[in-house]
Structure formats: structure tokens, C-alpha cells
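J.: Here is what each chain is made of, one letter per residue.
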Amino acid sequence: MSSDSGIARAKGVVLIGVDGAIVDVEVDLADGVVGTSIVGLPDRGVNEAKDRVRAALVNSGHRWPAKRVTISLSPAWIPKAGAVTDLAIALTMMAADQALPLESIADTVILGELALDGQVRAVRGVLPAVLAAARAGMRSVIVPAANVEEAGLVEQVRVIGVHSLAHAFAVLSGTDEPATPQSRHERSSGRQSVAHRLDLSEVQGQPLAKRALEVAAAGGHHLLMMGVPGAGKTMLAERLPTIMPALSRQAAQEITAIHSLDGSLDPLHPLMQCPPFEAPHHTATLVAMVGGGSGRPQPGAVSRAHRGVLFLDEAPEFARSVVDSLREPLESGFVRVARSGFVAHFPARFQLVLAANPCPCGSTDQRGLGCHCTPMQRRRYAHKISGPLLDRIDLVVHTHGVDRAVLLSDTEAEESSATVAARVQAAADRMAARLKDSGCDSNATVAGSQLKGSGPLAIPKPALGWLRDQKSVVSGRGIDKVLRVSWTLADLAGRDWPTLADVQEAVTLRNDSARIAP
Amino acid sequence: MQWNERTARVLLAMVASVGDSQLHEHLNAGGATAVVEALLSRRSTLRRSATYLKRLPNDPGTAVQQALDVSQECRAHVVIPGDDLWPDALNDLQARCPWVMWMRGVPRSQNVKPEYSVAMVGARAATNYGTTMAHEIAADLAGEGVVIVSGGAFGIDTAAHRGALAAQGVTIAVLANGIDQVYPVGNTSLLHAVMATGVVMTELPPGMHPTRQGFLARNRLIAALGRATLVVEAAARSGSASTVTRALELGRDVMAVPGPVTSMMSVGTHELIRDGATLVTSAADVRELLNPW
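In the order they appear, the protein sequences are chains A and B.
Start counting the first sequence at 600; every next residue gets the next number (my numbering).
Start counting the second sequence at 2; every next residue gets the next number (my numbering).
Some hints could be false.
DEER-style ranges, computed between Cβ atoms [to be verified]:
# : chain 1 : residue 1 : chain 2 : residue 2 : range
1 : B       : Gln169    : A       : Arg938    : 55 to 61 Å
2 : B       : Thr263    : A       : Gly1038   : 37 to 43 Å
3 : A       : Ala1004   : B       : Ser110    : 58 to 64 Å
4 : A       : Gln976    : B       : Thr63     : 40 to 46 Å
5 : B       : Asn292    : A       : Thr973    : 36 to 42 Å
6 : B       : Thr263    : A       : Ala918    : 55 to 61 Å
7 : A       : Leu885    : B       : Asn292    : 55 to 61 Å
Hints were generated in silico from the structure; no laboratory data involved.
The structure displayed is predicted, hence computed values, not measured ones.
Every residue gets a Cβ at the ideal spot worked out from N, C-alpha and C, and that includes glycine.
Chain B with its partners taken away, still in its complex shape (with noise of 0.2 Å):
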């Protein structure tokens, strides 16, 4: 295979870890095409290369063309940094950023690049109460042009892109498989919908299956991807929490909806506003802290 930037990130993206920071300033210094070659031809000077020449598919020119027609099958959009479509946000990452996004859905460049956006947050098993308040807040908020941001997960993810959708509003689900997968399979049609008016994305390549370590990576994206980061509700242990972590990391704003004290899907969002996280209970709220003026 002749390789070029998009191909060599693509392979890149089945190989290399998450936050090498070497790999981050060599691409940076002399682009992927290059440490792609020296990788493939075993004169790659990174620390991690024996790692990733284990990690190298038999054939990697086929594997990669495979993923670019799967990609294309699913019209997904294989988006690298430079890219119209490229979501600059994900730059403030710096060494954590991915190496490549696969999209699919409406990517426009309003979409991607929003003026405003809010990564939506909070626990799977949520109750009604939390499920109504971030359906709310989100078509409160998707309804006046800010863009939401979660996961694809049951409870909060699934209903503040509800509530976005149902206020005709733009929603971005960043999902921790390849585009070709859906996860959870009880929101097809729900991530189906986003896609009509909204993006689907991942940094996974094609026919990557969800893992613990892919959906605590993927939490940074959400972080980056939101001018600010929102968590409705949230137990004591909780995957918010990674979210927060890698909000606070990039200095976006962190927020909390409150509750019931007596609630145990409020306890960590309470801890959170003990912690400093901004109190809201509108989508008014919400507002105020993206833009005081």
C-alpha cells in the first residue's frame, strides 16, 4: 500500500496506545505517513514500537483498506486533524488526542465545531426524576443552537439526546466501538436518530467491540468535545466521575444537577458540587456559565 496521512493514522488507530506522547510530537514534527513507514521497515525510533509491531495486523495495507470500506459501506466519514470536519476541540488534548475520528450522521462543520456545546453526563440506572431534568435541560438548551455531547448509554446519555432530538437540536453521541457497531443494542433506533440530524463518532477503527479501558478513554472525548461538562445524576461510584477528571484536566467547567439528598443517584453529584462543581437546575443555568454576557 502507498501510504498517506489519512491511511497511515488509520493503522495507527488499530496500534497505538492512547496517549503516547512521543507518538504525538513525531507526528506533529513529520507526519503519520513517515512513522508509519519506520515502523513498518523496523526503524522506528519510538519507545513503544516493539509494542505496536506486535499489535500490527498480518497484512496492515489490507487491514486498513478493509476499514476504509467498511467505513465507506456504513458512509462514515474518516476524519484526521486538518480536516474541515476535524473537531478542533479535540486538540486541547494535546498527547491524548486520537489519531484519527470515524463519523457518521450530518458531520457539518457547525455540527463538529459548535460555538457552544455541553457534554451531558450521569448514571445508567438513573431515575425518572434524572431522566426528565437532563431531557429538559438538553431540548431547553439544543433548542437554542448549543450542541450536546454524551455518551450512547442507557439513562442520562439516552435522554439528554432525547431531549435534544425532540427539540430538533443537534446531539453528538461519541461511542467507545467502531462506527460499524451499535452498543447498547437497545438503542439502535435512539443512536439512529442522532444520526439523522446529529453525529455518531468513535476513534475506534471498524469491528472494535466495546472494553472497560475503550469507554474510560473514550470519556476524554466527551470532555473535550463540551465547552463544559454537565453530570445529572450520579451514584457514589460512578463513571461521571472519569468525565469529570478529564473536564477538569482540559480546564472546561464542571456542573451539577442536584437532588434528593436522600437519593443514592444524587450522591456524587452532590459530592461534586461540594468539590466546587457549579449548582444548575435549568438549562438558564446552564447558559450563564457558557456565556456570562
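With the rest of the complex left out, here is chain A (with noise of 0.2 Å):
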């Protein structure tokens, strides 16, 4: 291809969900009626793009061609949206007009928003799309200064930070210095979760919520808690991020990609280190929930909440198709967001916590004495969460409010979150060693039928036995429950076999008792 001919190529991104596509930018300088257009499945985002470049190049002092301007982004089939091309297109027209060598820009990945001057502002995406552009075997990528800190958590693609047109034009040219990254070891000193602001020795009291909370972190079992407005539910469910086993790079990699896509990264400590919390409110609509909506698809709260914590606060109180639209996740782990032409996938791999006040009237007396509701409102709101939701819930317990006595009491006594999640640690790797062949990735999803028999996860017999006796307490459902929850406190005191005593104290972690019965 000579330079004669007009024509000049460089690569994009664009994401469907959390992957990124290359796409080819192509302009083509042609003679005939002076014009501009864009062609392959732009949105209204891209097509302005012709205005903003051309602003752009001539505000940084460059010419755009008096000519017949053709923009292609290839392949045609993927939608393009928003302004993320933008730098791509100026940069490939200034190759294409000869200001710029082909080459300079012929295997870099280019991102970037262009203002009408020519600064380049940050763009949303930018850890999952340079993350596509190493999988596609891209060496370099150009982005936007604000996003290099991102961009550079990607550690085999070099990363080109530009604070302009103008800037960036001096950089390919060779005449100035690109923005970099810093190095790897001040970057991962950053700790940027305000759940590392909390932490566990804070809550009063409540020793069995809190023992629910250290199981369920250590054996990644879903929990539900129960107890009047003010018993500390919420609180509590905000702690279980501090204990929670720490994240691999690849997980922090993976949340951090998420939660690049909404923009809400800290720009200089962008990589997120601690499992995130996400706290939707009860009337958060479906798309909120497992993502979607106009346009681009975006992750909803449960892909926000992908390796961290989902917490579902006043939890009959959602609606009914979105607490089940959790249902798919729960299982398989991700969301699929179908639109016409492509289907977006999002991980949301989370851990559920569920808070419900016992009545709908939100009386705050343990005993129901400044409750009006009618028998048939509370069974109906208690059974607002679904059977197959709860099928999932391996825990359950019931706060109440904490009394005078612990208020009073010294305070130092608390354990603090370092102290449990040294223990969950501990719990969460002899899981992983006795899991390594068993395809379960945690105790909350080993099958039912492998707990019990003989094979390496089964319960010994005695205990096993002495929970059938307890019909009372625990269902026949209940008892897959139990026997998971048995297996980490098991790993959480550092034994090979759960004992009697350990299905006992999942029993007492299964207060199932004390709900509104179906």
C-alpha cells in the first residue's frame, strides 16, 4: 500500500461488555466532492466524531484534507459507540494526509476522547480494552494520560500516555516524552476500597452474626441475616470485604475491569485490591441489577459486585423478577446481556448477603409489641424471597439489638478484621488444597451427593447420622446446607475431618427456625 494512494490504518477497540474487539480504523483520502463520512455501524457518538477531529486537528495546528474523506471502522458488523475513537481517527487522517509516517501508527491500539482544542480526555474501558489488545498481541497502546495508570496494569503491552493531539503527534515524531506509568511497586501500595476504612472490632457485641460472617468468607457460603431495624445487619455486611481471603492479581484484574466500564476508578491507584461491596437499593430495577440498558451494555450491581460482596439490604422489599434474575448468576457465575448482533458477557461471581427485617411495618421491638402488620402481610413479605433463592442460602442468622451490657463492655475485646481474616486465610487455602481436584472452587458449591457416601468430601458417618435424627431443626434440604457449612468450620479450626461438634455449630448457623414458614 504507497502512501500515495490516501489510505492509512491504525486499531481501536471497541467492548461488548467486558471484552474488548479490535477494530481496524481506516481513512481513505480521495479526489472528488470535498466531504467526510463514517462508515461501519456507527452510533450518533461516533458519527460526530468528524466534528470533534476536525476541531481538533486544526485547533492543534494541523490541516484536515480538502478532500473526499472516507472513515471506515472495521469489521462492519460490530456497533461502534461513543467518542473512544476519536484519537484513532485523527491520528490515522494525519497519517493518511502524510503529516504522520504509516508505520508510527500501523500496530499500536489507540484510545482516546479528543476535546475541541485537542486535549485528549480519559475514556471509560481503558483496563479491558488495552487487556484485548495484549490478547490480540498488540505490543503498545496509546491512551489518554489520565487513564495510563490503568493501562499500565496490563504488563505486557508498553503504554503511551498522551495529554493532546499536539502531544501526541510529538511523540510519534519522536520529539517528546510520553506519559508512563509508574512502576508497579508504587502503584500496588495503593489501597483505594472504603472497606479498608472499616473494620470488624467497630460492631458491639453480635458474636454469632459475626461467626456467620467469618464462615461465610472462608467458605464463600451465601448468608442471610434477620433481625429488627437497628439490630446491625448492615454493618455488619459491610465488614465481610475486611476478611474476606485475599484477591489474586487476576481477580483484582477482573473487578478492576469491571469497574472500569462505569468509570469509577481511582485514576492514579486504579487497581482494585479488596473485594468490592456493592449495596443496591430495594428499588433498583432489573437492568441495575444484572446490567444492561441503552446502548453500550453496562454491568449491573451484581457484576460490580463480581469476587466481592452483593448486599441486598431490606431484601423483600425488591422486586420480585429482580431478586430471581439473580438466580442465573448465582449459578453460573456470569450475565449475558443479548442484543441484536452480539451478546455481552459480564462475571459476576459474588458473595450474597441478604438483610430482612422480620415484619413489614419495620418495628423496631424484638417481641412485635409496636407491630401492626396482619398475619397475612407478614407471611407475605417473608415470602416475598423466593424458594430457589433460598435453596442457595447456606447461613442464616438472627441479630438482635445489642443490649446495655454489651455497650458498656470494654470495646479493646473486639477482634479486629486483620486478626479474622488471618483465620479466613488460613480456612480459604486448606479449602483450595482439598478442592484442587474436585472441580468445586469453594465448600458453598460441592454437590450434595459428594458430601455424604464415601468419597473424599463425605461427612463421617456419626455426625451424619446425628444430623438425620434432628428433623426438627433441619430439613432434608437443610442437611446439604449444614454438612458445606460443617466443612469450613472444619478449615476454619485447622481439622482434616468436620466433627460432631462442627455440623452442631452449622446447625446453630442455619437458625432457620425463627422464619415465617411457608
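Need the complex rebuilt from these two chains, each delivered in its own frame; the hints are there to steer you.
T.: This is the structure in C-alpha cells:
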């Protein structure tokens, strides 16, 4: 391809969910009627690029060629959205107009939105885009300077940060230095999550609920907390991320990629190193919960809670359809949002914590003395959490309002998150070692059949026999849940097998008896 | 229509108030036929006769015949005092005794006039603990031949019936609506299961829908049919309280199952125990009270 023909190429990325697809950006300058067209399924935002790019080029001291300009984004079947291809179009245009050498941009992925004065603006979704570039074998990326730290999380790719179109031109011409990420050592010291400002020691009393949190964190069990308003359900749930096992580098990158899509990352310390905590309000819509929306599908709360905690306060107040939509991600660990022509995947492997009041009026009296709900209102409220969802919940605890004796006692005695997290980490390591070859990734996902009989995960006979005799306390379906929790209790205690005492404790951590019967 | 004791009592069930002691005396003295004939010919000396005349259907004879036809269609027995099937325990209600009872299912005399019976009542919004206890106690008692008596509501009522059925025992559901109706609709299959081996009964004529007053009146029948009344779970304000009051008026024993003191569904039973109800934790405790020897 000779430069005389007026064609130049570069690469950009469009995101489908958290997966990026490489698109070729081509600019052709031809003789004929002067004008500009963009082809290749552009949306309104991409079509507006003509005007942004023209202004940015002119205001950066370059010219917009008086030619017939055709800008093609291919493959044509992928819908292109937003302004993220602005910089790629501008630089390709300059190459086509022979202001830049063609090879300076040929194998580079270019991301960035242009302001009219030529400034390069930060964009969303840089990490998933750069990950896609790395997977496609690209060696370097040009990104907005504000996004260099995020792009730098991908180790295999050279990151070139640019402040403006003029800066990009200078960098590509070899007359200026790009903005680059700080060294990885410095970057990893940043801890940005709110969770780290919270500590379990701030919760007074509630020994049973705290134990349930520890067990939930160690074994990946979903948890239901029942209790009157003000009994500390939210406070407890918010602190679950502070005791969960440390995230692997890959897990941290996964959640950072998701949070990159909604622009919620800290530009200086983008890597999310502790499990996220998502608490959607009970008026949340289906789309807000599982993701989707018009235009480019956005991740929902379940995906923002990926490898972290999804907390539904006042769970019975959520729309039935919204709560039921959790069943697919709970089962598969991801969400699929179908659009005409493509399906967006979002990871959604989260730990579910539900909180519910005993009755819809929210009376704060433990014994319901101030409550004016009718029995049928109470039954309806209790049964709004559907059976299939409850089937996934291994731990049920009741929190009581904290009494004066606890409030007056010495707060120093409360365990810190760090202490509990150390026990959880040790238990999680034991669990991982045992489950290595089982096809399960946590005690919570071990199949019921593996827990009985004689396999490596079967509970010893005497403990199982005792449990089967507790018919009035544990239903048939409850047995598997109790057995799964028993394994986690053994892991926390550093034992190779659950004992009868572990099974008995697991029964108390699945206190179903005070829930309104079906 | 040529009135007889049965058709006359069906008409009274349509018009007369529960607890009209003067009517009760007239029935004992001269029978229902005379009472109805006097009423229809405007010669009645009942203080409430004006009210009853207002409640009369346009054509009393046809209305009664229709009620009997509907009863026959749904295979309901129309039972009056003196019949083999009349539950004598209801006579303890005296002036508040029902005028007539409709019965569906297997109304044998050992079912409706059992040696031992226990009324089991409690919360509709019962907890898993409460329904488990009701189920267990009802199954153990029914398995030994004790007849269980309850309403048809969700929660404790349902659990008690299910327990009795699980033990292949006999259970009686007393409804607050006509025998041709099922309420609550969600318990249709349960009530049909009760009919398969036990009895569903009501004092209300076919076509009647449940009302608040109807439920309260029905509770006296449950209290009377049980030799003792057992409350499994009850909140601070509870319909079980009215059944307990009726049972105490009848001189029946009242028992209650305790629960966690922190549970709102056990506040009512704990109050009963403080007021002198017998604390029971199992069917054995109930048996001890029914038959101390």
C-alpha cells in the first residue's frame, strides 16, 4: 500500500461487555466532492467524531484535507459507540495526510476522546480494552494520559500516555516523551477501597452474626441476616469484604476491568485490591441489578460485586423479578446481556448477603409489640424471597439489638478484621488444597451427593447420623447446607475432617426455625 | 314447604343470631318446626323476631330447598341435635350452640364424637419452629387416636392438619364459610385431604363467605370440639385469644407451647403460660393432661 493512495490504518478497541474487540480504523483521502463520511455501524457518538476531530486537528495546528474523506471502522458488524475512537481517527487522518509516518501507528491500539482544542480526554473501559489489545498480540497502546496507570496494569503492553493531539504528534514524531505509568511497586501500595476504612472491631457484640460472617468469608457461603431495624445487619455486611481472602492478581484485574466500565476507578491507584461491596437500593431495576441498558450494555450490581459482596438490605422489598434474576449469575458466575447481533458477557461471581426485617412495618421491638402488621402481610413479606434463591443460602442468622451490657463493655475485646482475615485466609487455603481436584471452587458449591457416602468430601458417618435425627430442626434440603458449612468450620479450626461439634455448630448457623413458615 | 326439624333449623341458620338464648329455650321446649312456623306467620314471640323477619329470604321454602340441594351436590351431611352424627360436645355451648352443622368427608360417629380430641390453634404467620412443633405434636397425638380439631388457615392450623394426616389420624377442620366454599383457596388441596379421612364442618349455610365475625363465632366451635385447647404460637394480638377465652368459658383446659422469649410469635403463648395455661413441649405432655391416668 503506497502512501500516495492516501490510505492509513490504525487500531482501536470497542467493548462488548468486558470483552474488547479490535477494530481497524482506516482513513481514505480521495479526489472528488469534498466531504466526510464514517462507515461501519457507527452510533451517534462516533458520527459526531467528524466534527470533534476536525476541530481538534485544526486547533492543534494541523489541517483537515480538502478531499473526499472516508473513515471506515471494521469489522462492520460490531456496533461502535461513543467517542473512544476520536484519537485513533485523528492520528490515522494525519498519517493518511502524510503528516505522520504510516508505520508509527500501524501496530498500535489507540484509545482516547478529543476535546475541540485537541486535549485528549480520559475514557472508560481502558483496562478491558488494553487487555483485549494484549490478547490480540498488540505490543503498544496509546491512551489518554489520565488513563496511563489503568492501562499500565497490563504488563505485556507498552503504554504511551498522551495529553493532547499535539503531544501525541510529538511523541510519535520522536520529539517528546510520553506519559508513562509509575513503577508497579509504587502503584501496588495504593489501597482505595472504602472497605479498608471499616473494621469488624467497630461492631460490638453480635458474636453469632460475626461468626457467620467469618464462616461465609472462609467457605464462600451466602448469608441471610434477619433482625429488627437497628440490630446491625448493614454494619456487619459492610465489613465482610474486610475479612475475605486476599484477591489474586487475576481476580483484582477482573474486578478492576468491570469497574473501569463505569468510570469509578481512582486514576492514580486504579487496581482494586480488595473485594468490592455493592449494596443496590431495593428500588433497583432489573437492568440496574444484572446489567444492560440502552446503547452499550453496562455491568449491573451483580457484576460490580464480582469477587466481592452483593448486599441486599430489606431483601423482601426488592421486586420479585429483580431478586429472581440473581439465580442465573449465582448458578453460572456470569451474566449474559443479549443484543441484536451480539451478546455481552459480564463476570458475576459474588457472595450474596441478604438482610430482612421480621415484618414489613419495621417495628424495632424484638417481640413485635409495636407491630401493626396483619398475619397475612407478614407472611407475604417473608415469602417474597423466593424458594429457589433461599435454596442457595447456607447461613441464616438472627441479629438482636445490642443490649446495654454489651455497649458498656470494653470495646478493646472485639477482634479486628485483620485477626479474623488471617483465620479466614488459612481456612481458604486449606479448602483450596482439598478441593483442588474436585471441580468445586468453594465449600459452598460442593454437590450434596459428594457430602454423603464415602468420597473424599463425605462427612463422617456418626456426625451425619446425628444430623439426620434432627428432623425437627433441619429439613431434608437443609442437611446439605449444614454439611457444607461443617466443612468450612473444620477448615477454620484446622481439622482434616468435620467433627460432630462442627456439624452441631453448623446447625446453629442455619437458624431457620424463627423464619415464617411457608 | 312442609317444615320439619331439619329444614326449620336450616332456615334458622340463615336468619338467627348466634347466642340467642330465648330462641335456644324455644327450640328445647317446642322444636324448630313450631318456632319457624310461628316466625313465618308473624306470630313469633321472640324478641329478635323483627330482625329475623328482615333477614328472611324472599321465598324461605325455596331458599332452604336450594341449600339442601347444594349440600347434597357437594356430599355434605346436614346434621342436627339428636342425629347420630351430632357432636355432643357442642351442646356444652348451651345458648351459643349452633342450630345445625354441615359436615363433609368421613363423618363417622367416632370421628365427630371422639373419646379424645385436642383443638390446636395458633398464628397464621407462624415460624418454622411453630409449624414443626404443631406438625410433630399433631402427628404423635393423631397416631394414638386423638382427633385433632383446627381451622383451615395457613400456619399452625395447616401444620396441625398435615401432622394428623401424616400419622393417618383423624382431623377436623371447622370453617367460617359455607360447606360448598373453600377458604383460603391456597388450602384447597389440604382441605380435600382432610375430607378423605377426617371431617370438614361448618355451622354456616352454603354460599356464605367468611367474615371477621364469622371467624370469631367459629372459634367457639373449635374450643367446644376439643377436650382441651393447645396454642402453639401466637403473637401479642392474636385470633387464638378468642378460642382460648371460649375454651375457658367451657371449662376446657388450655395448653401452650413455649418458644424463644425473643420471638414475636411466642409472646402470646408466654402470656397464656403466665396466666396459668399448662406448658407443653410434646405430645406426651398433652396426653398427660387429657388422661392423667
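J.: Taking the Cβ atom of glutamine 169/B and the Cβ atom of arginine 938/A, is their distance within the range 55 to 61 Å?
T.: Holds - the Cβ-Cβ distance for glutamine 169/B and arginine 938/A, about 58 Å, lies within 55 to 61 Å.
J.: Can the suggested window of 55 to 61 Å be confirmed for the beta-carbon pair threonine 263/B and alanine 918/A?
T.: Once the Cβ atoms are compared, 31 Å apart, the range 55 to 61 Å for alanine 918/A and threonine 263/B is violated.
J.: Mind checking the hinted window 55 to 61 Å against the Cβ distance between leucine 885/A and asparagine 292/B?
T.: Holds, since leucine 885/A and asparagine 292/B (Cβ atoms, about 59 Å apart) stay within the stated range.
J.: Should the hint that threonine 263/B and glycine 1038/A are 37 to 43 Å apart at their CB atoms be regarded as holding?
T.: 42 Å, holds
J.: Holds or violated: the 36 to 42 Å window for the beta-carbon distance between asparagine 292/B and threonine 973/A?
T.: The hinted range 36 to 42 Å holds for asparagine 292/B and threonine 973/A, with Cβ atoms some 38 Å apart.
J.: Indicate whether the distance between the beta carbons of glutamine 976/A and threonine 63/B respects the range 40 to 46 Å.
T.: Since the Cβ atoms of glutamine 976/A and threonine 63/B sit about 42 Å apart, the hinted range of 40 to 46 Å holds.
J.: Given a hint of 58 to 64 Å, does the C-beta separation of alanine 1004/A and serine 110/B actually sit inside it?
T.: 60 Å, holds
Hint check: a violation occurs at hint 6 only; the rest are consistent with the structure.
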